[in-house]
Amino acid sequence: MNWTKRHDIALLAAMLVTLLLLAYMSMFYIVLPFDVPGWHAPIAFRIFFFHIPLAWTAYLSFGIVFVASVAYLRTRKPKWDVVASCSAEVGVLLTTLALLTGSLWSKAEQDYYWRWEDARLFTTFILWMAYIAYMALRAGVRGDAKARVSAVFGIISFVFVPLSYISSRSPTSLHPTTPGFFPPQNAVTLLVGVVALTLLFFCLLRVRAYQENLRAQLEIIKEEMEESN
Amino acid sequence: MMREALAIAGKDFRLEARTRERLSSMVIFSLMVVLSFRFAFGFFDVRVDQMQESRSIVAAILWVTFFFAGMLGLAPAFAKEADAGTINGLLLVPTSRFALYLGKLASSLVFIFVVSLSTIVFFAVFFNYDYSGQWGPLIAVTLLGTLGYSSIGVTVSALSASAKTRDILLPMLLIAVALFTVIVPSINATVGLLSGDIDAVVPSVVYVGAFTVIALLLSYLLFDDIVED
Chain A
1 MNWTKRHDIA LLAAMLVTLL LLAYMSMFYI VLPFDVPGWH APIAFRIFFF
51 HIPLAWTAYL SFGIVFVASV AYLRTRKPKW DVVASCSAEV GVLLTTLALL
101 TGSLWSKAEQ DYYWRWEDAR LFTTFILWMA YIAYMALRAG VRGDAKARVS
151 AVFGIISFVF VPLSYISSRS PTSLHPTTPG FFPPQNAVTL LVGVVALTLL
201 FFCLLRVRAY QENLRAQLEI IKEEMEESN
Chain B
230 MMREALAIAG KDFRLEARTR ERLSSMVIFS LMVVLSFRFA FGFFDVRVDQ
280 MQESRSIVAA ILWVTFFFAG MLGLAPAFAK EADAGTINGL LLVPTSRFAL
330 YLGKLASSLV FIFVVSLSTI VFFAVFFNYD YSGQWGPLIA VTLLGTLGYS
380 SIGVTVSALS ASAKTRDILL PMLLIAVALF TVIVPSINAT VGLLSGDIDA
430 VVPSVVYVGA FTVIALLLSY LLFDDIVED
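Chains A and B supply the protein sequences, listed in that same order.
Under our numbering, read the first sequence as residues 1 to 229, first letter to last.
Under our numbering, read the second sequence as residues 230 to 458, first letter to last.
Please note: incorrect hints may appear among the correct ones.
Simulated crosslink set (EDC-like; lysine to aspartate or glutamate; CA at most 20 Å straight-line) [what the hints assert, rightly or not]:
no.	chain 1	residue 1	chain 2	residue 2
1	A	79	A	144
2	A	77	B	457
3	A	146	A	212
4	A	146	B	454
So these bits of chain B aren't anywhere near chain A, every CB distance computed over 10 Å [said to hold, decoys possible]:
no.	residue
5	264
6	280
7	283
8	339
9	401
10	410
11	425
Source of the hints: derived by calculation from the structure; they are not laboratory data.
Treat the numbers as computed from the prediction; the structure is a model and nothing was measured.
Where a beta carbon is used, it is the ideal one built from N, C-alpha and C, also for glycine.
Hey, can you work out the whole structure from these sequences and the hints?
Spelled out as structure tokens, the structure:
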């Protein structure tokens, strides 16, 4: 089965529908923890239905960078390099949004934006920096080495994904862990959020990969024109 | 393989003995950093009452200096070979590429460790500090930390050697991959040993050791792809 324009439209439509559904459900459907003691800002609770899916899709995108980098080093097919680099860019965007939404919630609930002692925050910050460094590496290396070198770094920086994930269990972390405080009814909304953001991620990945392929085609056309002159 | 690695390290030492470029610039740099801290702290005395805070300051100054002086040691490991074209000669050595990594690891480790020892002495002199008499454990932690730092640093140095922007790229990559994994736990271990608290030292040392093993493993798996011609 070939991926056609119709599939793109279907993906886009599914993404828009689930995103609207998530917006509706996070506003009107969820149960806010008004009655639970220890919650200072129940209204700010809504941001979790964006924060958790953002963090999950960020991990997913870096997982795709890892898999595509391994595939590139194995096969040396340029398409894997495109997948890895585009996924890393979208992943940095998603991590940025996850860090921002988390800070906003933390300010509302705990009255501070950021704690460096918190292992979860710190490791996620390092994860974010590692993939910004990945993008800097891509910008700095020219020619044939670019895809190879960035694939290697894409594999190395994946070390920080499990580290960031398990760090919320560290004793110095005040970051909440998911199961404890979620009323069961909210699990459906969270699921919709995860689906919506995953679809959004794949849409963005498609757009970026499409641009990259166009750019590669343009390079080939330019070379051909120079040769014919 | 070990024989080839030792030959490559021996070549670096012979080159250093003749030119004295790398080690001397690193030692002078570490002296300047320690002096800068001395003047920046003015009349602050790290030996006085607030002992726990002072120990954190001592450990942080030491490891930040090791980190930056180490960058000067790691940068030329592959960049010089690439500039002089001698990297092609090294790649022609009929052995696994991992031997090249091990050779460069050995030479970089020796340079960084020697500079770290001189930093420890500079700090003792300018801050009139005796490290609570814990010289042995301090040197052991320094050796482990610099081993972990070099094991990932040599790989990152090889990655960035072919980039045009390598002067800024190498610090960026090192901060992303070495700061949290090696430098921060080493600082914690140093604080622990300065206060004679072995329980605080062990987990940090295990963490650095585990990461060093991961870095060696990743380098073993990926080094072929980094220095391809």
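Which numbered hints turn out to be false for this structure? 9, 10
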